[in-house]
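Listed below, chain by chain, are the residues.
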Amino acid sequence: MERTKLRWIGIVVALLLFTGAGLSHISFNVDILKLLPTHLPQVKGLSLFLKHFAQPTELIVTVEAPTPEAADSAADALSEAFAKRSDLVQRAVARAPWEKRPADLSELLAYLVLNQPPEKIRALVASLSAENADATLKASVEKLGESISPQEVALLSYDPYNLAGVLNESGFLAGNGQQSEFSSADGTFRIVYVTSPHGFANYKAAIAWVKQIRELAHSTVPDPTIHLGFTGEPAFVADISGSMEWDMMSSGFVTLLVIALIFWLCYRRARPLFDLQAMLVLIFTLSLAAAGLFLNQLTVIGVGCAAIMIGLSVDYGYFVYQRSLRHGGSVAELQRQCVRNIAWTSGTTAAVFFALNFSSLPGLSQLGNLVGIGVVIGAIVMLTVYARLTMRFHGREEARPPSVVERLFSTPGFWQKGAVLATVVVVFLLGALLVKGPPPPDFSARTLRPRNSEAYTALDRLYARLTDDRDMLSLVVAGKDEGEALKRLRTAEASLAAAEAHGDVKSFRTALPLAINQRANLLPLSMLANQIPRLRERAIAGGFKEEAFVLDEAMLRQWSAWTPKMLFAPIGTPTLIWPDNETSRWIFRRVASRDNGQFLALGMVTPMPGHEDALTARVQSDGTWLVSWNQLGRELRHVIPREFKHVILALSGIVVVLLTIAFRSLRAVGLFVVTTALVLACLAGAMSLLGMSWNFFNLAALLLLLGTGTDYSILLLLALTRNGGDAPAAQRELGLVICLCACSASSGFGTISWANHVGLASLGQTCALGLIIDALISLFLLPRVWTLIHPKKQSV
Amino acid sequence: MRLLFPFLFLLCALPVFAGEPPDLTPVKKWLIKQDELHTVQADFTQTRALRALRSPIATPGHIWFGGSDTLRWELGEPAKTIVIRKGDTYFLIQPAKKKVEKYKADSIAKRGGAMGFAMMNFPIAKDFADFNRQFETLAVTVTENRCHLEILPRDAQAKKMLEAIKIDFEPSSGHLLSFELATRDGSSMRSDFSNVRVNHKIDRHVFEYDFTGYEIVDGKN
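Quick mapping for you: the protein sequence lines, in order, are chains A and B. Here the first sequence is numbered in the numbering used here, starting from 36 and rising by one per residue. Here the second sequence is numbered in the numbering used here, starting from 171 and rising by one per residue.
Derived by calculation from the structure, the hints in this document are not laboratory data. Bear in mind the structure is a predicted one, so any value in this text is a computation, not a measurement. Do not rely on the hints blindly, as some may be mistaken.
Unchecked claim - Covered by chain B, according to a simulated footprint, are these stretches of chain A (three or more residues, beta-carbon under 8 angstroms):
1) 174-180
2) 187-198
3) 219-227
4) 571-585
What the hints assert, rightly or not - 30 angstroms max Cα-Cα, derived DSSO-like pairs, lysine-lysine:
5) Lys250/B / Lys580/A
6) Lys274/B / Lys198/B
7) Lys178/A / Lys199/B
8) Lys541/A / Lys135/A
9) Lys296/B / Lys267/B
10) Lys371/B / Lys274/B
11) Lys198/B / Lys336/B
12) Lys250/B / Lys199/B
13) Lys371/B / Lys198/B
14) Lys371/B / Lys155/A
15) Lys173/A / Lys198/B
16) Lys250/B / Lys272/B
17) Lys250/B / Lys198/B
18) Lys178/A / Lys272/B
19) Lys336/B / Lys173/A
20) Lys580/A / Lys336/B
21) Lys269/B / Lys155/A
22) Lys198/B / Lys256/B
23) Lys272/B / Lys155/A
24) Lys178/A / Lys250/B
25) Lys269/B / Lys173/A
26) Lys541/A / Lys256/B
27) Lys135/A / Lys329/B
28) Lys274/B / Lys250/B
29) Lys580/A / Lys267/B
30) Lys600/A / Lys515/A
31) Lys268/B / Lys178/A
We put the CB at the ideal spot given by N, CA and C, even for glycine.
Only chain B is shown next, with the shape it has when bound in the complex (with noise of 0.2 angstroms):
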């Protein structure tokens, strides 16, 4: 029964332009001034175009970064959706149900379930050669100060269902101004940050939440 959903994803492909390759200085600058960044706090507003939605539904959310493998991540204003990374350990926890489920970070890396997770894999990649082994380039675009990259996983089961991964960041400061994932089937989910805030003091106690009358369970990826 588990095979019923991945026709959804069958979708045309379409071919990946093939020309001059890109110059990938700033993403290099970029990624050498992610190492600067200690803590990060930002909010976002997720916008999801899906095929069967007339209009996309946009919702806000809160990102909190503490070094790393510790981040907070949560959508919905009060948090519909709330993950939490601790070491290699994503809680994925939905405050209505009252329900926590547990993910290895290796695991979502290595099977399907990842594709949910990307958006909040923060920072990208460690560096460049990292960069390079985990995503083909497919454009960058600067102008003024912001740069437009576009990637594709090199992972064969992310590239089945992703067209493309869409970053915008200032090259000036490496501050992350917008994340998007579109999806084969035409749909796109994007995250605009803004209220961006570099290397300030976070509570540890924003990583920490009570579990306590929460089911936990093991999660499918």
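Chain A with its partners taken away, still in its complex shape (with noise of 0.2 angstroms):
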């Protein structure tokens, strides 16, 4: 007895330690390509381009106001605001850094110009000989008593030798008027640009700082009619962690509480319901510990595996209780009566869920091991505890006649009308299929998204009111080192002005260093150095005032400045020069990463539209990506489909060689099969009929209804066995329960219907829909059908 009860503690105590480390180890990942297949090369690239380029502790605070002077102040007080804060914010920039600094800028064009081919510079040094210089000013003066471009005319008119000319045809000068990266054209839509001082631990971490970020600011901006926006990394990860966590939270204690309305109205008993539902928050507080020791970060997808492993959890629970009900005998017996069932209906259903391992999408093979792990663990503990305390009352639970659904239940007229009414379903359904054919694809990038986002609202504002780039592709070079990375960025170079060539590409832009260029070029240039004051002089003499000369000069110091760094490098070593002033950090942050041994380059490449696949395909490479969100969706449009064709039918092929190990009769799995063909053409007419359409997440709902849904004709089947063909007494055994495991594991599903994403939300739906309609068949067609099939043989 003492032994047993030290047992008992030295269980509890490590269940304890288990879930305190588990619980402790969760955590949420927010990226949407954690749920995609890695070895794509669009996830590969996106991934890169998202952890080096998307800035993770980089807030876009959005500023909306009637008048441009009302969005401009606003900015900057903003940004004041912010400065103050240094335990808050590392920096606030508002207005580009070189606005402040526009002396900056020459820093940036000399390092552009350097880039440039040869030839092009050679041209430039002869335009700026003693023979050419006044042509050169001649041909500026001219340029700009000609043009209408503001652009042209602003830049010609500080820089009289058109140094920066030779940039014009590379698309770096090509303006877009008064946009940028900080304020749309009409100045009523402003950008300030928030960073963290330090990383974040966890996605609390990150909400926290987001909370203040913006209580500081709506304190800063009171006023009603300046729209105030956040967005970025941080608030993604803010804004879809809490959603997450919400989901989670709330779908699963909704399930627990249908499930307690279900069982109150069915047995209305309420001492095993207290059971039951202490049973379930065990279980899942078990798995979900499993899941933060086992598993690496719960995704999205993962997040529904509160409600649906609740859901199918009670199944065992109820039927554990159904047949403690009739049972007269010890635990034991009563657990070794179940275990049969429990142990098919749990194992096919958690072959099914851990089968999802084989599909290369890393979200559902998360969901799928934490259904999983939650379905043998429920198993486990409804066979080992629950039947335990089911028998605990028994002899109180005897006495009390049966309720009002019971009574429903062992009614003859209940089965027949059921059947009647189960047929009327499936024909309708089955004619809405027809008429309407099956549900649409639906692959877009909608269905990756949270239905509610601030951070995506704002996101789409900043697209609408600033450039939206989202036609245009992203060039991500990867190499362990900048050597590496910059040979693969020249080979792509060389396959994209192939392809401008070809018609596919309509412009694309770098603005990596060139190793052989500013070889070639900084001696040239350098040496121009010596001739500023008779250049200044000239530009004097050929009208323009001393200062129209600064920027010009400002760059000649720049490359004699950067002479030494390339002429006393040691040899052997490729010396690069980059441009490091803050203005140039500041663009550059979103051009080139080191990182761990890693560095990466990234260039912005305009397709032709309807040439992105032909262009992607041509210029990918080993350590080299074109990616854009589109065409990821373009990508996956393509491997999905095929990727779950091949899933499904690996499953289907596991769950029928079960069942043949199970029943040990083809008809049976024969039944089975139609059983299952019938329950999916019903579901896709049911979704036809309420214009729900497949997406990346709902084809999931057909392996899901593969594991769950199947279970219900599973239990009819071993009970028609087990009662001799006899197919009423089949469906008073098990009407009630498979009725309760419907409901129950239909409402687990329904709860995440209303998830915050979208994708998650219409695979709760589908399931939900494909569990009814599994429940309805198998429990009023499917004896019928079974009695039709064997008239005269009364046992299998």
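Combine the two chains into a complex, taking the hints into account.
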């Protein structure tokens, strides 16, 4: 006795430690790329892009005001208020750094010119010679008199020798009027970039930081006519993690409530209900702890596991309880009676969910592992603990009269009317499928997004008011060092140049250093520094004021300053010139990145519409990706349906093999296959009728239905076998249980229908619908068909 | 990289003197007279006074207005820059580069590049209501047969760059005498018109241009 007590105390302590350790490790990952196949080039490239260029600690605050003046002062006030809070903000930038320090731009322009082809630079140097300088200046003056481009006039006014003119064809000087990454063209939409002084340890830290910034911003700009928005990586993490946490908790809680309600309606017994609820909380906690310990961060899809595993685990509890009501023996005997059914149903369910690991979609694999773990834990807990508890109050429960629902399920009329209703529903849904056709596919990015997200709303406004670059492709080049990355970049540039000639590309732009050009250009350019007095004097003589020569002079001096760096570099070391003042660093934060022994470079490509696939195929190679969210959608449209087809076929095979072993009857397996096919056809009809479509997520519903919905037909077929083919007896025995299971599981899935993530919600809706249809067909039609195909034989 | 330029325009804004509202009667009359103009041909001299230059640059040019949405404007002798408007499209032609940039009139009106084209926006407004919708009037001065009008576009973006648009016209005939864009950095672009011929027949070929051998691209405003 004492030893048993000690053993129980030991088990409880171990479980508490396990739970504590597991739950403390739970973390969320809001990156939707984590849900997608990692072997896809688009997923790989975009992941690198987000990791290195998405600025994880940079919050984008948008300011939308009725007038440009109001937007201006609000943006400045915010920037000032943020700057005062050094504990909260490392840097707040409301205006382009070069507005404060225009002179900084000379370094960037000097760098860009330095990377141009040597023949252009030779021509430039020649245009500045004593013989040609006057003609160059004259041409500039003429251009200043004739140009109608304000940008050209503005730049040439301070660049009389047109040094930046060599960049004209490179696209670097392509302006967009007054629009910038800080302001819309009309000035009524402004951006403030706010950087946190440190990284975020977890999503709760990101939520807390964004909340503080939001409060500070709203107290700084209380004017209700000025609308503030918050987007960028920290805002997405805060927004999506918060809604994931809420989705998980609320759907789990509501599922528990619905289960309690269903149980009460059916049995009207409080004690077993409380015990069952306690078991479900225990199963959920243990499963989550296991997930925290053994799985990586929870993705948005994994969040749906709580409601699903509760909805599925409760099935075993119902089964145990239902059997206990008619059980007169010991606990061990009850456990023995239940173990075969629970082992088969939980076994097939867990097998199917674990088999989601065969899918290349990590989000689905994670969901499969979580629910698989939950189902196994659920089966063990219900068989070992709940079976014991149901027998504890057995004597008192037995005396109670059956509830209205219990009486209803034992009435033959109920089953007859149910069969008629099920037939009508099946015919109606099949008719809908015939008339409306199957649900259309929707593989757009919409299903990857949350339904409500302030960060997304602010980003959409940003796209609408500033430049929408979603049609552009990002060229992501990675290498173990600068040399390798730049070598790959050159190859990619050559491919892009060929693609441009072929008509696949409108334009492309990279701003990475070209070692060969830098080496060829730096010396002739730096020699010009000696000519500064002459060039200044000729510029003044040519009609320019002395101040007009400031930019050119700064560029000439910059080339001269860079020369020793290249000339005195150790032999054999490739030395590259990078611009490194504050303005250049700001611009280059989205151009190049060094991290953990990896060097990444970024370029922008504008493809010809409709040529994206050809272009991507042409440019993509080892360490080089051409990516965009739209291109990812296109890639997934090709890959995902094929992927699901393979996984569904494999899982169907597994289920059929398992059932052949369980039933030892090909006819029973055949009936199961037909039932499942009918369920899927009716589901497709119902989805068409409700205007639903197939997407990345609810395609997984097919897999889940194979794992969960099939339980009902398996239980019925096993009961038919047990009862010697007596359909009414099988229905009486399991009708209520299956009904309870279907209601609980569909309420589990149903509660994630309102999840904030569009894809997860659609998965919940589809599964809930499928389970109800499955239960209806399995309960009312399957036994009838069984009787029809076994007219004489009463047992299998 | 497209962000490199706006800084060049960021210069101190001068406060606009707020006094008695100007009498706009001459403007109303002038705009009514614009309705009587079916065609206009004129020569002009464009004078650009830029902050970076020690003295203004004067360049001759010609303008032909052939009814609504039909215009040819050219600068230089021979023309170095030609703009032809046909319907809702502007063609900016650079003969030396054999290059044509196409712009949609409505996108020019909406976006920042409008300033360059403002010089050839003729007539300036359809009627007085349209004028008031587009512009804020800063000053109206009438001296003998010359009315001097100073206006500022209501468009926020144009307002950021412009200090004033200064227009001189003859109140009696409604003929435009000069048109000047004064920018906030202290620069200005002024066109003085001469040899103005009103309602003379204009050869339709004036509004045509042979683009053979030209590279035609969509312009970026």
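Hint-by-hint comparison with the structure:
{"no.": "1", "hint": "174-180", "result": "holds (count 4)"}
{"no.": "2", "hint": "187-198", "result": "holds (count 6)"}
{"no.": "3", "hint": "219-227", "result": "holds (count 4)"}
{"no.": "4", "hint": "571-585", "result": "holds (count 6)"}
{"no.": "5", "hint": "Lys250/B / Lys580/A", "result": "holds (25 angstroms)"}
{"no.": "6", "hint": "Lys274/B / Lys198/B", "result": "holds (29 angstroms)"}
{"no.": "7", "hint": "Lys178/A / Lys199/B", "result": "violated (38 angstroms)"}
{"no.": "8", "hint": "Lys541/A / Lys135/A", "result": "violated (34 angstroms)"}
{"no.": "9", "hint": "Lys296/B / Lys267/B", "result": "violated (35 angstroms)"}
{"no.": "10", "hint": "Lys371/B / Lys274/B", "result": "holds (27 angstroms)"}
{"no.": "11", "hint": "Lys198/B / Lys336/B", "result": "holds (16 angstroms)"}
{"no.": "12", "hint": "Lys250/B / Lys199/B", "result": "violated (36 angstroms)"}
{"no.": "13", "hint": "Lys371/B / Lys198/B", "result": "holds (27 angstroms)"}
{"no.": "14", "hint": "Lys371/B / Lys155/A", "result": "violated (48 angstroms)"}
{"no.": "15", "hint": "Lys173/A / Lys198/B", "result": "violated (44 angstroms)"}
{"no.": "16", "hint": "Lys250/B / Lys272/B", "result": "holds (17 angstroms)"}
{"no.": "17", "hint": "Lys250/B / Lys198/B", "result": "violated (36 angstroms)"}
{"no.": "18", "hint": "Lys178/A / Lys272/B", "result": "holds (20 angstroms)"}
{"no.": "19", "hint": "Lys336/B / Lys173/A", "result": "holds (29 angstroms)"}
{"no.": "20", "hint": "Lys580/A / Lys336/B", "result": "holds (26 angstroms)"}
{"no.": "21", "hint": "Lys269/B / Lys155/A", "result": "holds (20 angstroms)"}
{"no.": "22", "hint": "Lys198/B / Lys256/B", "result": "holds (28 angstroms)"}
{"no.": "23", "hint": "Lys272/B / Lys155/A", "result": "holds (28 angstroms)"}
{"no.": "24", "hint": "Lys178/A / Lys250/B", "result": "holds (9 angstroms)"}
{"no.": "25", "hint": "Lys269/B / Lys173/A", "result": "holds (22 angstroms)"}
{"no.": "26", "hint": "Lys541/A / Lys256/B", "result": "holds (26 angstroms)"}
{"no.": "27", "hint": "Lys135/A / Lys329/B", "result": "holds (21 angstroms)"}
{"no.": "28", "hint": "Lys274/B / Lys250/B", "result": "holds (22 angstroms)"}
{"no.": "29", "hint": "Lys580/A / Lys267/B", "result": "holds (29 angstroms)"}
{"no.": "30", "hint": "Lys600/A / Lys515/A", "result": "holds (23 angstroms)"}
{"no.": "31", "hint": "Lys268/B / Lys178/A", "result": "holds (16 angstroms)"}
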